[in-house]
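Chemist: Listed here are the chains, written in short residue letters.
Protein chains: 2
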Amino acid sequence: MKWPDKVTVKEVGPRDGLQNEKVSIATEDKIEWINQLSEAGYDYIEISSFVHPKWIPQLKDAREVAEGITRKEGITYAALVPNMKGLEVALETNVDEVSVFMSASESHNKNNINKTIEETYPVLEEVVKEAKANNKPVRGYVSTVFGCPYEGAIPPSQVLEVSNRLFDMGIDELSLGDTIGVADPKQVDDTLHYLKDKLDFSKVAMHFHNTKGMALANVLVSLQHDISLFDGSLGGLGGCPYAKGASGNLATDDLVHMLDSMGIQTGIHQEKLLEAAGYIQAKLGKNLPSHHMQVNHRT
Amino acid sequence: MKWPDKVTVKEVGPRDGLQNEKVSIATEDKIEWINQLSEAGYDYIEISSFVHPKWIPQLKDAREVAEGITRKEGITYAALVPNMKGLEVALETNVDEVSVFMSASESHNKNNINKTIEETYPVLEEVVKEAKANNKPVRGYVSTVFGCPYEGAIPPSQVLEVSNRLFDMGIDELSLGDTIGVADPKQVDDTLHYLKDKLDFSKVAMHFHNTKGMALANVLVSLQHDISLFDGSLGGLGGCPYAKGASGNLATDDLVHMLDSMGIQTGIHQEKLLEAAGYIQAKLGKNLPSHHMQVNHRT
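If you read the sequences in order, they're chains B and E. The opening residue of the first sequence carries number 1 in the numbering used here; numbering runs sequentially from there. The opening residue of the second sequence carries number 1 in the numbering used here; numbering runs sequentially from there.
No lab work stands behind these hints: they were computed from the structure.
As the list makes no split between identical chains, a pair holds if one copy fits it or if it spans any two.
Lysine-lysine pairs mimicking DSS-like chemistry, simulated, CA-CA at most 30 Å apart:
no., residue 1, residue 2
1, K286, K22
2, K129, K110
3, K196, K6
4, K186, K272
5, K196, K186
6, K272, K22
Only chain B is shown next, with the shape it has when bound in the complex (with noise of 0.2 Å):
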């Protein structure tokens, strides 16, 4: 089997971890944090989402976290972003990158933001070009690629029409996701050999879930296509939506410490990590999913 030497981890735990979080985090602990997690190695940090605090209340101080936090050189801090609206503030903060989302779904994206697929694009299109104009790079996140919770699993077809549309307006990066965690190591096989000659996948980001557990065998499956790009959620935070206790997104220092036995590079500080895991987690009052904050116990 093969894989590379390096591989770059994206942590997206203060943006998509905290918002499926109930306890309200307070600002200083957020900016406090971020600046932990921005010793511990990372290129790449989503530090909130400059959405309507009336859809995501955790992440109402998007604006004094990107203000609050302290930029360390090298690393992108980058923020999620709806709409217009959110653009237009998060370019005030002058946030490094921004990201939009939407769902390979119909029924998904349909109840997630009330649009159809194609209502969406214009939408998006115009938040591209206009971040474009303001020189910030964009990630485009399309979620529930491997399942969906209304429709089950969605045709890599699908899939790839997204993709494309997201790449025509403009996106420098894609990040796919795994959003209900139901991905399988064939689906993956088989999904990223379909989009392996269709899409560039020096810029195709891998996001899973650990609800059933085989978010890191899918990540050994990506490796395989030459994906070298993941997200990662620090100690597993933000949950599974179904099930107390149980694991939702891929934990980032259970990914970074398989990397790191593999001899696979990826920058970052197991060490470091875990503290920045022990702080959060103290703030949250309750054990994080990972497996390393469990076998840890850290508080």
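Since the structure of chain B is provided, determine the placement of chain E on it from the hints.
Modeler: Leaving out everything else, chain E in the frame of chain B:
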């Protein structure tokens, strides 16, 4: 990537799982549980260990369990025997198969059974010879194959040496154990690559622990090397000796789910598995660590 059509999953929970659980399970409950497992589609269930109760009080009722279960045709009911004394009792109960064990690590073997590796061979040889004379197939477990708590990494050549000695004695199958859950996919790939032309892989099972979340990724690598025998402990029973709540044995339910999702036949019914897991979970009075038990909250 390549996958086999069919894989055999062997249940070791009643022995390897229960022996690490502190809550004492009543003999009648073990019998009822094993009877439920018999209905789930397994070919092989390791029901107990004929070891001195001083060492593993939980399994002191090995004889009663072996004599009390309802044996279903087509299923091999096996039991661990550490020595001739254990074998004698096992033969009286007429279990279908026995298993012996030793460590690939000198210091782990010494710590575990107070014998050097060289001192262990004649003990096992006598057991294997007598078991075979009684027409019982023998399975040989080798522990700490990928790492030892005292010595760290174990050279594959040492694993091969121990494996060869066991096959020379006449064992029918070998189970290679990642006892402390440290194996990473590259290490599994390297080790199996080394062993490939030196052992008959149709007689080699992999026994992974999920302590750091890599067990299913390691299964995936093993499948690439034509390994088609895997051990599992239902619900992840057995836990991790290092941290309460952390994963130990690879959970059969998570393993079977992954294989099923990939279209690899195991003959095991997931729904019946989860019912049986719920039964033993209720008896233990704690949530089992497998992803499926966490997601389904079976009690």
